[in-house]
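There are 4 protein chains.
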Amino acid sequence: MAKLKWGMIGGGEGSQIGPAHRLGSGLDGLFEFTAGALDHRPDAGRAYGQQLGLAADRAYGDWQEMLAGEKNRDDRIDLVTVATPNSTHFEITKRFLESGFHVLCEKPLTITVEEAEEIVTIAKNANRICAVNYGYSGYSLVRHMRAMVARGDLGKIRLVKAEFAHGHHADAADADNPRVRWRYDPAQAGVSAQFADCGIHALHMASFVLNQEVTRLSADTVSCIESRELEDDAMVNFRMDGGAVGRLWTSSIAIGRQHGLTLQVFGEKGGLRWAQEQPNQLYWMPLGERLQTIERGEAGLSPEADRSSRVTIGHAEGMPLAFANIYSDLSEAIHARKDNRPMDPAANLYPRAEDGLRSMAAIAAVAKSGKADGAWVDARPPMFR
Amino acid sequence: MAKLKWGMIGGGEGSQIGPAHRLGSGLDGLFEFTAGALDHRPDAGRAYGQQLGLAADRAYGDWQEMLAGEKNRDDRIDLVTVATPNSTHFEITKRFLESGFHVLCEKPLTITVEEAEEIVTIAKNANRICAVNYGYSGYSLVRHMRAMVARGDLGKIRLVKAEFAHGHHADAADADNPRVRWRYDPAQAGVSAQFADCGIHALHMASFVLNQEVTRLSADTVSCIESRELEDDAMVNFRMDGGAVGRLWTSSIAIGRQHGLTLQVFGEKGGLRWAQEQPNQLYWMPLGERLQTIERGEAGLSPEADRSSRVTIGHAEGMPLAFANIYSDLSEAIHARKDNRPMDPAANLYPRAEDGLRSMAAIAAVAKSGKADGAWVDARPPMFR
Amino acid sequence: MAKLKWGMIGGGEGSQIGPAHRLGSGLDGLFEFTAGALDHRPDAGRAYGQQLGLAADRAYGDWQEMLAGEKNRDDRIDLVTVATPNSTHFEITKRFLESGFHVLCEKPLTITVEEAEEIVTIAKNANRICAVNYGYSGYSLVRHMRAMVARGDLGKIRLVKAEFAHGHHADAADADNPRVRWRYDPAQAGVSAQFADCGIHALHMASFVLNQEVTRLSADTVSCIESRELEDDAMVNFRMDGGAVGRLWTSSIAIGRQHGLTLQVFGEKGGLRWAQEQPNQLYWMPLGERLQTIERGEAGLSPEADRSSRVTIGHAEGMPLAFANIYSDLSEAIHARKDNRPMDPAANLYPRAEDGLRSMAAIAAVAKSGKADGAWVDARPPMFR
Amino acid sequence: MAKLKWGMIGGGEGSQIGPAHRLGSGLDGLFEFTAGALDHRPDAGRAYGQQLGLAADRAYGDWQEMLAGEKNRDDRIDLVTVATPNSTHFEITKRFLESGFHVLCEKPLTITVEEAEEIVTIAKNANRICAVNYGYSGYSLVRHMRAMVARGDLGKIRLVKAEFAHGHHADAADADNPRVRWRYDPAQAGVSAQFADCGIHALHMASFVLNQEVTRLSADTVSCIESRELEDDAMVNFRMDGGAVGRLWTSSIAIGRQHGLTLQVFGEKGGLRWAQEQPNQLYWMPLGERLQTIERGEAGLSPEADRSSRVTIGHAEGMPLAFANIYSDLSEAIHARKDNRPMDPAANLYPRAEDGLRSMAAIAAVAKSGKADGAWVDARPPMFR
Ligand SMILES: NC(=O)c1ccc[n+]([C@@H]2O[C@H](COP(=O)([O-])OP(=O)(O)OC[C@H]3O[C@@H](n4cnc5c(N)ncnc54)[C@H](O)[C@@H]3O)[C@@H](O)[C@H]2O)c1
Ligand SMILES: NC(=O)c1ccc[n+]([C@@H]2O[C@H](COP(=O)([O-])OP(=O)(O)OC[C@H]3O[C@@H](n4cnc5c(N)ncnc54)[C@H](O)[C@@H]3O)[C@@H](O)[C@H]2O)c1
Ligand SMILES: NC(=O)c1ccc[n+]([C@@H]2O[C@H](COP(=O)([O-])OP(=O)(O)OC[C@H]3O[C@@H](n4cnc5c(N)ncnc54)[C@H](O)[C@@H]3O)[C@@H](O)[C@H]2O)c1
Ligand SMILES: NC(=O)c1ccc[n+]([C@@H]2O[C@H](COP(=O)([O-])OP(=O)(O)OC[C@H]3O[C@@H](n4cnc5c(N)ncnc54)[C@H](O)[C@@H]3O)[C@@H](O)[C@H]2O)c1
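First to last, the sequence lines map onto chains C, E, Y and R. Note that the numbering used here has the first sequence beginning at 796, numbered continuously upward. Note that the numbering used here has the second sequence beginning at 796, numbered continuously upward. Note that the numbering used here has the third sequence beginning at 796, numbered continuously upward. Note that the numbering used here has the fourth sequence beginning at 796, numbered continuously upward.
Chain C extracted, bound-state conformation:
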């Protein structure tokens, strides 16, 4: 299987998420890093691109140049990752989709619900893949939870409990720290801070595992550090279109918790518990039986779990491999299109523009409900109502 050609916008030297994408896309040898516009400073971007091994003519100065350059090549890139600051996602993603590229956009997909709806429409019309990087959904046992729910092991799902609560913004002294401060400033961060940044991963995971969408929600948002305008802690109750009740807690002031992304799913016939910090074990209790430990890599798991697992049982796998699973899905999706064949269903799991859109709507709904004393509000994007 020939390597696909991969390009990147953003993710320049010193960026936070850039190395993770290069690691994730390269890890399985499925993609070749071929083109990039890596930095908001054209020269720095070109230099760093070449340093990373790009050919000089494909280490572009900005994304417009890259779009122009790649569009007309026969050997143009198969996939572009957009890892620039949030406010630029919409335009870049839109323009590349329109020119016929598959896109993996960093979260959040856009700034507004309207923009996200537009992206969904464009991707559909252009018949291009537009994925959104909810990387935690790449973990093997997260995918196995989804498979267990889908095949009915838990019966009808009653309730899902999601958390993403950590303590990394708990220091009141950080009110003046510019690296933290902007996150709680609506002028820079939009309508939501902790929910939009972390909570949304937990909400996506709940949707992903249950294969149900959020319909309405009620939020209690608070700023534990008073100088903050946006929330640093939120509790969100929600309902899903398959009948599940949802509860989600997110916090950045929960001192003693390092990361805190966890999921619990309770159905008629059993319950599941998983935590991102120990991602290689999944706790499962069938109704009336004992709690069991499911190990990543054990024999007899679902095809979805097997496909996203690399090392033998008992050896830890971590976040970079979850990330790589998103890229592996995309590789399979792109190859299947090229070969005009159906894709492996066990790879058809990458988060989509529609998920990015639903997230935008959920964020808006949390902000609205939070301001309205927890009133229940519709959490669906208008186009899906």
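Treat the hints as calculated values from the structure; they're not laboratory data. Possibly wrong hints are sitting among the right ones.
It does not matter which identical chain is meant; a pair holds if it fits inside one copy or across any two.
As the list claims (entries may be wrong) - No more than 30 Å apart at the CA atoms, straight line, and that leaves these computed lysine-lysine pairs for DSSO-like: (1) Lys-800 <-> Lys-889; (2) Lys-1166 <-> Lys-800; (3) Lys-866 <-> Lys-798; (4) Lys-1166 <-> Lys-1064; (5) Lys-951 <-> Lys-1166; (6) Lys-919 <-> Lys-1064; (7) Lys-866 <-> Lys-902; (8) Lys-919 <-> Lys-1133; (9) Lys-951 <-> Lys-1133; (10) Lys-800 <-> Lys-951.
Given chain C, put chains E, Y and R with the ligands in place with the hints provided.
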């Protein structure tokens, strides 16, 4: 120190909670079981009382007979425990208080908020102890959390997260099981099921540890098993009079969780985490430092923790000893009154009628908010507004 | 069932183990504390006995006086616990057995193997119970492990791995601490320190759970703190009469471990893992299946587990209740003899003089092998060879 | 920094360890896969090599061809990994070293101690790197343990306790399974099975973390499944040249344990505990303080830990990244030689031919002691005595 004389109403042969009270009161040799009206069937109660070692004239047939018999004795009982079904708590407790007895009443203190207010007033006027059995507050490390908060280790408390979520009523087949069914029937159980039964322990613990009272709350109550009229799962957001934000989840359909009472407390200067199922460890992270394991019985804990700890570090202590700590507090309280001396402040921790009253108000508030789509309601008893 | 009369020798005011025995014997209301010679200072012993509620004529000044006093009473004590310093166990136990009393002796049963053999013979000839207090064997789930092994759940046992390793004597400064120093001094502690004090509990537990006896062993004993003559760390490999291989590690310099008593059992058909610090969970993996969590108090456990469990599933039970289970066994054993009926087999689990004897032989063997560079030595008492 | 050129011998299609090396070498973009002789069937090896992207002239049919081909190229490979079956390691490694290549050889380095000594000498004389793949030593927190020991946080080390005990060969039915059987057959596996395969990783880790070498040892080796000639369980006591006492348990019949590689280190001033299955946490107790959780990725760790950590705190890293750290070390070592500069000391941690040699000597010693009833034997290679 002479043993105190102890009496019991309810807790007859085969009752659920009776043995725990006899274990807890007897464990430290502080109380002598002296009188009882143990059963709703007078003969059975008398026989079982004598079988347990009561003198024939103090193994009473009913509580009225017991009240009459004990009231005029010189060697009358020092404390009476009321462990009968809920609907009788009010009258029995009231009558014994009025006759000058100290009372430990099982939870819930009464059926209505009004009755609970009346009990508080009676106990105050009669200058008698009226305790309520929130037994989990007796754990050594729960008391240590309270001490840590009180002495400022955590700084101002921002948020408390409490859970009491288990899966023991998750089987839909139990809809027809009479031992489970009545709990979800408003005619028999009142306005709330899971919150009143379990959630209230978690709420009391949050109050106890923070030494703050709930002022208002918003509840999302659901019946995951549809035939149930009352809730089997609830999420309650609340605010406290010292400024803390609270979040409480309670469930009886959370398959895979055995008991699930946990408390997390987050302040300006650190965070705490404790779980009832592993009660001998407390996890503590001071802001900017590492997570530490505090062990029950370690050197240098608070006087409150030391007083309620019996065996050396590394050896597990469990629920019966927590229960015994409530009795130990009461013993000290009664002796201090007898001796006309101040009581040991490290023992002044038993839950009070006021706590029982606040619980009644919180239960009413949860039911009201739950029916009103999570509207925020006042959670305080009228007499404390 | 009438309470049995219980007496105690040693366990005076401020003693370490005295309160635990009073707690354990009293907890279930099976024994009445009736007589005692509690202190090596006659007056202190008499005063403290009366303070604890003994009648003046049964609060004795020394054990000789107690033996004389009790021997000829009609209402003489049913059981006497010997909780004096080690060197006195032999004579006291012997004399009470010979006078027809049942005895629970603290560990170690004696100082020498010969003495222990004599006790076994005396108890047998006198047809009296002579129990030894290996209290950890009282835990409900330890007893359940024994039941699982006995009924064949694990198939033939291949290997048992026991540990009792903590860090409480790791401070080199304790070389001068009199409370620690004597333990490592052969003149005061005999031939072994850490193995005799802690390791022996783990060895007893291995024997108890497997229902097999140690035949021979090889020991590597070291003094990590150099000034110590006796070992503070030992590794013992052993073989058992039912074919099991054993491995036991004990240490007092293992900083970071609080108590460290654990047992792992591996058979043809499954494996078990249990730890004293979290005694309410037992981990069980049937061959080829998943790891399961067995909870103390769950439905369907063995009669042995059920009988030694008091509170409902999900609530922790701890060491004092394990201790009480030994007393509960003894109560049943004594009542069965009185009533001339077979005892409940689920109570027939208290450690016996024979176990105390085997311990003495194992300690001697460890010391011998340790001095002989780990040569394999016979670990059986001469009378059982 | 230009990519280094990397070649591989063995690791053909379907091999167990081949993909892990390609993952590990490629993950950080430090090496370019440039040449290979991947299969014992020349055609299959050539085809698979080209499929993986090798140029046709560098996808060799066997290692002799590869050696001839690469030796005289200007752009010859910088490093070759030997991942063929054990019996071929010696010759291939020797020949590539002699021709001036750096080599990473899979464990075991050779079959005999003599061969391993020869490799050490050749590598030294040729001034080439000869590394051995003890991949577990690549974990960030394992390297941090080494750093803590080196800088004296624990004071003098008293004792190290290592385990590598799992249950994957516990099924007696596997006696006939050819994939398991050969491992316990001396004709195919040599003098040791479980110790040579797994135990040796634990022994290397003990040496690595303490920076001490094993001097002598005593082993108790057993075959729990009787048809096996070689051991499936072993307990090894050892002594180290820096004065530490060591204890190591390895097993393949420990049902319920998935992997079971753990290390505990006890010094004068503190104790450490780490487990491969949860590699992102390290438990540390300074003498007289509380147990602390050290998190991979936390601020203020050692340079060694920082260099081998890729994702932010709270996100799991796993085995493939540990593997990649070995390659990262080698990249730095090779670049430093090329640039004629000292290498980053935080990267100077890859296992060496000397370690491979010491392992061979230890395996021989375990086999010898195991046959001699646990007699203590010299565990050092003759050339290091
Ligand atoms: N999925 C996740 O878990 C996750 C985690 C972290 C960040 N993110 C997302 O990734 C995106 C990037 O975040 P980051 O933390 O790496 O930011 P960063 O500030 O660390 O890096 C941004 C990079 O983009 C470059 N850049 C900026 N504008 C550009 C432009 N117009 N053209 C080309 N390059 C440009 C910058 O020079 C820089 O190199 C954000 O949208 C963020 O929300 C997602
Ligand atoms: N604090 C806790 O954790 C906890 C736990 C369980 C029960 N409880 C409370 O304890 C109380 C008793 O519950 P239970 O589960 O033991 O009930 P139960 O039905 O098992 O036993 C009730 C006992 O009271 C006796 N009784 C009934 N009416 C009586 C009367 N008028 N006079 C004397 N005896 C009478 C019955 O004969 C029976 O022996 C309830 O209020 C319950 O809410 C509290
Ligand atoms: N099973 C266990 O887990 C465990 C734990 C701790 C102690 N022990 C054993 O319990 C025994 C007592 O240990 P301790 O730590 O309580 O000792 P301690 O020194 O704390 O107390 C000993 C008590 O015995 C009294 N005493 C001494 N000689 C006496 C005599 N001749 N007659 C009457 N009383 C006498 C002393 O006055 C004191 O009150 C020891 O044999 C010890 O090995 C067992
Ligand atoms: N470090 C570790 O944790 C670890 C783990 C597993 C294996 N290993 C070691 O890795 C080595 C390989 O083990 P494996 O499990 O991958 O074996 P394997 O049998 O799965 O694969 C061996 C591969 O080598 C090829 N091969 C055999 N002889 C060859 C030759 N002369 N020239 C070229 N290729 C040849 C085979 O065709 C095959 O592709 C062994 O030495 C083993 O001990 C180490």
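Exercise for review: State whether the alpha carbon distance between Lys-951 and Lys-1166 is at most 30 Å within one copy, between copies, both, or neither.
Suggested key: between (33 Å within a copy, 25 Å between copies)
Review point. Between Lys-800 and Lys-889, at a C-alpha cutoff of 30 Å, which is it: within one copy, between copies, both, or neither?
Key: within (20 Å within a copy, 39 Å between copies)
Check your understanding: Under a CA distance limit of 30 Å, which applies to Lys-800 and Lys-951: within one copy, between copies, both, or neither?
Key -> neither (42 Å within a copy, 54 Å between copies)
Review point. Between the shortest in-copy and the shortest cross-copy C-alpha distance, which are at most 30 Å for Lys-1166 and Lys-800: within, between, both, or neither?
Key: Neither: 46 Å inside a copy, 57 Å across copies.
Point to revise | Up to 30 Å CA-CA - Lys-1064 versus Lys-919, copy category | key: neither (38 Å within a copy, 50 Å between copies)
Check your understanding: How would you label the pair Lys-919, Lys-1133 (within, between, both, or neither) given a Cα cut-off of 30 Å?
Key -> Cα proximity of Lys-919 and Lys-1133: one copy only (17 Å, versus 52 Å across).
Check your understanding: When no copy is named, should Lys-866 and Lys-902 be tagged within, between, both, or neither for a Cα gap of at most 30 Å?
Key -> within (24 Å within a copy, 49 Å between copies)
Check your understanding: Within a copy, between copies, both or neither: where do Lys-951 and Lys-1133 come within 30 Å Cα-Cα?
Key -> Neither, since 38 Å and 58 Å both go past 30 Å.
Practice item. Pop the pair Lys-866 and Lys-798 into one bin, within, between, both or neither, using alpha-carbon distances up to 30 Å. Key: Result: close both inside a copy and across copies, 19 Å intra and 29 Å inter.
Point to revise | Identical-chain pair category, Lys-1166 with Lys-1064, by Cα at 30 Å | key: Between copies only: 28 Å across chains, 38 Å inside a chain, cut-off 30 Å.
Taken one by one, the earlier hints fail for this structure at numbers 2, 6, 9 and 10, listed in ascending order.
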